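Each protein sequence line maps, in turn, to chains A and B. For the first sequence, position 187 (counting from the first letter as 1) is numbered 187 according to our numbering, and the numbering increases by one without interruption. For the second sequence, position 46 (counting from the first letter as 1) is numbered 46 according to our numbering, and the numbering increases by one without interruption.
Quick caveat, the hints were computed from the structure, so don't treat them as lab data. The hints are all genuine.
In silico EDC-like links for lysine to aspartate or glutamate, alpha-carbon gap of 16 Å or less: (1) 322/A to 68/B; (2) 322/A to 58/B; (3) 322/A to 61/B; (4) 317/A to 61/B; (5) 198/A to 68/B; (6) 155/A to 12/B; (7) 317/A to 74/B.
Example chain B residues on the side facing chain A (calculated, C-beta under 7 Å, incomplete): (8) 19; (9) 23; (10) 65; (11) 71.
A quick note: this is a predicted structure, and the numbers were derived from the prediction, not measured. Note that CB positions come from ideal geometry on N, CA and C, so glycine has one too.
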Amino acid sequence: MDVLPMKNKDEYLLSGAEILLQGLVAEGVDTLFGYPGGAIMPVYDALYDYNDRLRHILVRHEQGAVHAAQGYARASGRVGVALATSGPGATNLITGLADAMIDSTPIVCITGQVFAHLLGTDAFQEIDVVNTTNPVTKWNVQVTEAADIVPALSKAFFIARTGRPGPVLVDITKNAQNERITPPEYRPCRSLRTYSPKPELQPSQVLAAAALINEAKRPYLLAGQGVILSGGTDALRAFAEKTGIPVACTLLGLGAFPTGHPLYAGFLGMHGNYAANVNTNVCDLIIAVGMRFDDRVTGNVATYARQARIIHVDIDKAEINKIVRADVAVHADAREALEALTAQCLPNRHDEWLSSFRQLSEVEDAKVMRQEALRDGPVRMTEVVHDLFRQAPENTIIVTDVGQHQMVTSRYFGFLRPRTHITSGGAGTMGFALPAAIGAALAMPGTPVVAVVGDGGFQMTMQELGTIMQYRIPVKIVLLNNSFLGMVRQWQQLFHGARYSFTEIENPDFVQVARAYNIPATRIDQREELPDVIQDLLAAEGPFFLEVVVAKEDNVFPMVPAGAGVADMLLELPVTRAPIQTE
Amino acid sequence: MKQDINMFLIAENNFSVLNRIVNILNRRRVRIRRISAHEEPDNFRRGSVSMVIHTTTDMAEKVKLQLEKLIEVEAVSYHLQPPLLETLAVTTMNYPMAASATQIL
Ligand SMILES: Cc1ncc(C[n+]2csc(CCOP(=O)(O)OP(=O)(O)O)c2C)c(N)n1
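Chain B on its own, in the form it takes in the complex (with noise of 0.2 Å):
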């Protein structure tokens, strides 16, 4: 069953990296309903991107799986979003290194 995926994940800001990980999506055909990205505060080498997008558990366990073998690409982890938070990724996006979106509360 598809549903909202929290996806997060933190790599080296290389040129090309976005369309890197968005290419990954795309070739699977995932809908990306969020994406938000940005460097680290304190070091422009580094950045992470938060996403929502519409899949299957188990895609999202592939597209990670293509995610992480990008070389730029540090970790990437994803959570189920609780349908009744979906303003919450708003917020989650701002934190991108917390490991699911309850963290935050």
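Next comes chain A alone, as it looks inside the complex (with noise of 0.2 Å):
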């Protein structure tokens, strides 16, 4: 008699490595950035076979996996998630953890570990990840038994994405990703004790900010990444619109209100617009949202809207009264916050005060903007910027890295949706932009990705090119090629008597550097071929890499010195030479 055959009872187990994979896909995730190593080797093994199900993509350095991760979750809202080895390969990880951190961006990195019984011994490729990154996550934890993978990781997944996003790390030895079990059932975290991540709405606040907002004559609203993180956008537009009160954004809030809106006030902060910086001094009321008061956007604190009444809206309570002392404070998340602030408020006009942000506009128009429009000399970053917002289409996702060409097109690029600006804010991460637009181009198939860099920051992760090469990502690539390090050279003349110390760059022949990686390239010096050749970089069907040589010794005006208040803005280089004292 033929007897079925009984399953061997190790057939119905899974590895520790296996039981991560289904997790990630339990949690929703496609897609992997990543780069092996002795440490992790259970986990890619186990990878071979999920092909079908998770995509993984190997960058060139841990740091390009960090940093793609980030740009797949900015341009998505969905968590980015990205796989390192023990050692090297973890604190490779670490300066996308602190930009992820810093700019509340949800995504959890995985990191192998050497075996538990080898902790602390100083085994080969041994680094306490947990204590070194700990400073730089929202969260992180060590994993060293397959049963604790799935609790591990879906509290991972909870913690990124909930409350003020920010990156999870999990550690997983290697004799846990090795263990076979049977699998846990994958049950997604959807509260935990100690931690509360979406406050209540009170109504009290609501009442109490509406009320000042009801009452003040020059009232302005200053958006950050929380009203794009919390999907606020339209809220926002329907509390400005029926308030009549106007709306500028921090770096990271750009997109959060239409620049060509009527009421858009413009972008704050250091290279921000002077009409927005100057009445920050003049205003009654701030409506701050979503936003942490970060330095680059007041300036010298002491002397930052004295005048004004100030509510602060922010799911962050660590961040209500850290810098600005609130006279209201609104601990939500910005779209409720908003919703209710809509429906609490009066419709009101504030006309004469718009027509102040107009009139200093008109200072900004001819003290910088005319200047820049002249089209004589070298070219300038700011009409390569200017004819690319002409011509992308409205859905294009810009990714700055960090320098002069950042604050440019921050200004000159009109931001008209959320999430169409993928920028490394807080911590100002130089070599950010070309790992961040491959994320997100993966996140975004058939958006078109433009990687705005400068010939510094490009040079910090160009090696991501072969990612693009390997992948035929669509990321476009926009090198300002001034051969300087050109946001240090700009404060080296101001700050420090044109002393450029050691921030001329000799750079390589970039179009050969792309084309060794199989990607078109082209180099421009002259203006008149700018719009044909960004017409060509947007056309293109796969990766397109565009160098554009511009000024040498060009300057990003206005400027708030470091030190200075808001309203003391340069709007050009002043008549002396001597440096201009800073604190």
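The two chains are supplied separately, each in an independent frame; assemble them into the complex guided by the hints.
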């Protein structure tokens, strides 16, 4: 008599590595950015069979993986995932973790770790990753048994994406990856006893805020990334249109309010718009929504908006009263708060107040914009960004690196939609843009993604051209080459008597570099070529590399010198050549 | 004005939680004059920390909010330490759940 073959007991067991991958699939993950190594090999071995469910992108450096995960998260709103091995693999993630922490980006990083019995013995590639990444993660955990993988992973995703989002790291010892156990059911985490991510909106706070808004003569709304993260851009628009209140955006808030809107007051911060900054010290009420009064926005806090009352809406209670004292704190999700405020506030108009923004903008127009629009001499960054904005479809995602080109792009690209602007704000991480653009392009297939980079920062993660080549990722790269670490040179010119100490940079032939990676590439140095070449860039099906040789010693104006007040914006180079004194 | 402040904290007793707590104080350069931490006697998953920090009340409030942000931390409270009762801090640490030193008296 035939007997049905009994399944070997072991066949019902799964390794920790497989349990991890099942968990990722259960969390809805479709893409991983990673780099293998000894301590994460069981996970990579399991990945071999998960090709159909999980797309793994082999980056060229772990920093690239974490920035790509950030770009993926920022473009899509979903959690980005990066994988790395122990030791140097894990420490290469740190810059990206710190960046994601300060810019509230939901990512989960999974690192391999040496066998549990070797922990603390200085084993090969053993680094205390949990304690090393402790200050740069929203939460982290080490797992030493397969049975703990599911609880750790579900908690990691829950913490990363809820409340004020942030990076989470899960460090898994190799024995836990290898261990075979009866697979536990994957249960997504929905609550934690000691963590309440979403504060309940307090009607009393809303009423107190609405009372201030209703009586204000010169109210001014400052929108931060919290508006975008909460999905509150429509709510913001409805609030502004009902109350007639002008809206300015922080760097990470760009896209929260359409730049073309009549109530758009401009871009805030060190290189923001003149009116947006100066009127901070004229308004009688600030309604700060989902922003944290970063020092690049406030300038000298001692002179910041002293005349104004302040309503601070933030989901993170520790941000309220951290830098600027709030008269009314609304500890809440930005969208919920804006919707409640719209219901409580009276319809209003502030025509005179709005026209003061227009008058101040004319000053900026005359001193800065018109100068920049002259279009003589060497090509300037401003005209490249301007032409790019003119030609790019409205849904184009712009990813910038850090430096002058970043500030110029923030100023001259008119962001119209949320999640179309991705940059490293709080950390100012050079090297961010190229890998982040890779992540954004993979998260949003069919959406044009353009990375605008400087010649300095590009060389920090330029090896990711290899990732673009291998997966034919349709990232368009615009390199603004001034042969200088431009932003630092500008500071040297203004504040250090033009002593250009180690900021001039000898560059490789970038076009040849791009071509070596099989990426179509062009260099131009004549403005007449700009429109056509930008058209080619945007029309290219795959990746495209455009180098524009720009003026070597150009400056980004206006500027609030470090330590100065927001109203003390420089509109042009001071006549004196003496260094400007700062804090 | 900087002064001695008693701070009490209840948290889940995970690995690294003490490091996280101390990191926040270090980052703000808040001086820790005393610190004592222990598991709950009948529940090893929960623990508490008592400390005496030397700082301003404004900073204590900011640090409290940043500590409360830590995922494992359940609650943080602080109160000014009565100068004459300096020795009480030791007693207080043995009763970390008490809201104030005077409650123990
Ligand atoms: C990793 C890192 N190192 C150093 C800096 C300091 N920094 C800020 S802007 C800048 C110059 C950037 O030069 P480049 O990439 O050529 O851009 P540009 O300013 O010329 O547009 C430097 C060195 C930084 N922000 N990040």
